[in-house]
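Spelled out, the chains give:
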Amino acid sequence: MFKKILIANRGEIAVRIIRACREMGISTVAVYSEADRTSLHVQLADEAVPIGPAPAVESYLDMNRIVRAAHDTGAEAIHPGYGFLAENAAFGRLCEKEGVVFIGPDSAALELVGDKVRARQTMEKAGIPIIPGMKSVAQSPRECEAAARSLGYPVIVKASAGGGGKGMRIVADEKGLAPALEAGCREAKSAFGDESVYLEKYIEDPRHVEFQVLADSAGHTVHLFERECSIQRRFQKIVEETPSPALDPELRARMGETAVRVMKAAGYTNAGTVEFLLDKDRNFYFLEVNARIQVEHPVTELVTGLDLVRRQIMIAAGEPLGLNQNDLRQRGHALECRIYAEDPRRRFLPSSGRIVFLKEPQGPGVRCDSGIYGGWEVPVYYDPILAKLIVWAENREAACRRMASALDDYVVLGIHTTIDFLKDVVRHPEFLAGRTTTAFLKKHFEGWGEGGADEDTLRLALAAAAYDEMTRARIPGTSRAGGSAPGIPSPWTTLGGWRNGGTGSHGV
Amino acid sequence: MEFEFLVDGALRKVSLEKKDSGFVFREGGTALDAEIRPVSENTLLILAGGRSHLVRIARAGERTLVALHGREYAITKPAAEAARFEQGDDKAPEGERQVRTPMPGKVIKLCVCPGEEIRKNQVLVIVEAMKMENEIVAGTPGVVKKIFVAVGELVDPQKILIEIEPRP
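Same order as they appear, the protein sequences are chains A and B.
In terms of the numbering used here, the first sequence is residues 1 to 508.
In terms of the numbering used here, the second sequence is residues 1 to 168.
In short, the hints are calculated from the structure, not lab data.
Where hints are given, some of them may not hold.
Within a straight-line C-alpha distance of at most 20 Å, the following computed SDA-like cross-link-like pairs (lysine to any residue) qualify [claimed, not checked]: (1) K280/A - I203/A; (2) K264/A - R118/A; (3) K13/B - E455/A; (4) K359/A - K109/B; (5) K109/B - K264/A.
Here the structure is a predicted model, which means the values were calculated and not measured.
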């Protein structure tokens, strides 16, 4: 087993990986950009290496700097997390050349599944069902026009190097094609440094169902069942769950077997995910392979009882899986909500700034994978994911309720987050009925605004604000800004004659 | 003491007075007897009506942020709010006439020209931040009066991107 691992990532996933390493007795090396000097992953790691300025291209995407940091600290392996270099075959190759273990599939498999067009060709040959679309990267707008006409609108523009919804655009008719291609290329270039795009037939109102797969270096491959990730906004998943309300045991077994075949066809090792679209008639199509640990991996962990990050590390160290498909079971139901630094009241624009107060929810079956802390300034340079709230319960109904109440207990003050929006999503009757498709948010949450005010609660808030004003007025220079600065007197001493606690009447 | 607060655009006149070991909170005809205890730097306990309400409270600039029972309120004082509505034309709020970006980022596309007539919610500028393209839209119908930025320029929330002459 490795003695030391470098984590080439930031935020909640870096924290998650550091925790797994600690439990396995492995030392950790964090890397950080100038904007992340004060970030949580840097505090938790045993060592931390600065790797450059804030923009990701000059730090988290700088392969040479990261490999050098691994050499300098004596780390034997690099865990890339998700995003950044996680699915970058050139980085995988560099690690192989430099004698550092890349915790993920080998560079040949990365290259194959990372090239969406080649992956589609390979899977088609292996007899895996795929979505009709262009067989190669678009060379010209004219070629796209012809392809779109023969596929029939609506079509979807996809980045060849894509992932995470970046570079994707749905096109309803010929008029919309040129602007969508332009925006898709631009976004793909900025996100992946590669502007090639292709077209696929757009399947309306599908479900997004993916299968988690583990494969060891001896080629032993199992699947850990599905995750349903249909609740998406601009192709970004925001709520995920397992089991999927849409699958029965027969369909689950068929899709799971197909997922294993996909990974075998790709020569894939380590943890990976096979994404499928499931249409209204329960036909499923191979979408792509995510060659990384995924944001939504915790729901699988909670229902299978397996630690996926630990498994990734064990596989990379050459250990056999020791799991048989027939022994694997799904137990109970798990849901995940992604907490983004975005303002749902203002078209989900990113929100940055200081978190002046943070209280994460707790309780039975509640897990919070977080990369933040109270008093921390959220930088503007990176993906706006702050944390993930994951719950487990005996069944879907109980899990939905548990999630709703955990979201109510989640307090993030100072920046805008998607928490209030998520509260309404997990309480929506269509969500509770399991009628989740990728069109769910568009259908039910377009133009979302918060529900009516609860006057009693609001009055208590006003009373608190008045009290705050009153106590501040009494002591000049006092403030109740978060993350207490030195020299701010404790309220216990500043309140003077105020009687704390005790048996005083409640004055009701 | 009497206070004027703005919550969700509504003006609320309230008062808080000490009484025995607690407080009386009043708004219009309603009164509430409560004990208010500071628990920690950002936490108050309000004991009222036999219930105990845990309140999280923090300041962020001019805003007092209060969270309780799964709800969050941004409370400001009218004076601070008024200062934000600068000079001149009060037919449309300043935020509708002066278009800004809510987050720092890079202008990657200007979608309108000076003098162009625009609809409400029409995309004016695309700003890239956190690796995503964000569309900045018009809050009001009108005419583009002036554009203050160019493609490639780095902008932040202080910067006015576009000025709009609102039309009904």
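Verification of the hints:
1. Of the pairs offered as hints, the one joining K280/A and I203/A holds, with about 10 Å between alpha carbons and a cut-off of 20 Å not exceeded.
2. The straight-line distance between the Cα atoms of K264/A and R118/A is roughly 15 Å, inside the 20 Å bound, and the hint therefore holds.
3. Restraint check for K13/B and E455/A: satisfied, since their Cα atoms lie roughly 14 Å apart, inside the 20 Å limit.
4. A distance of roughly 39 Å separates the Cα atoms of K359/A and K109/B; the hinted pair therefore is violated under the 20 Å criterion.
5. With a C-alpha separation of about 44 Å, the suggested pair K109/B and K264/A falls outside the 20 Å cut-off, and the hint is violated.
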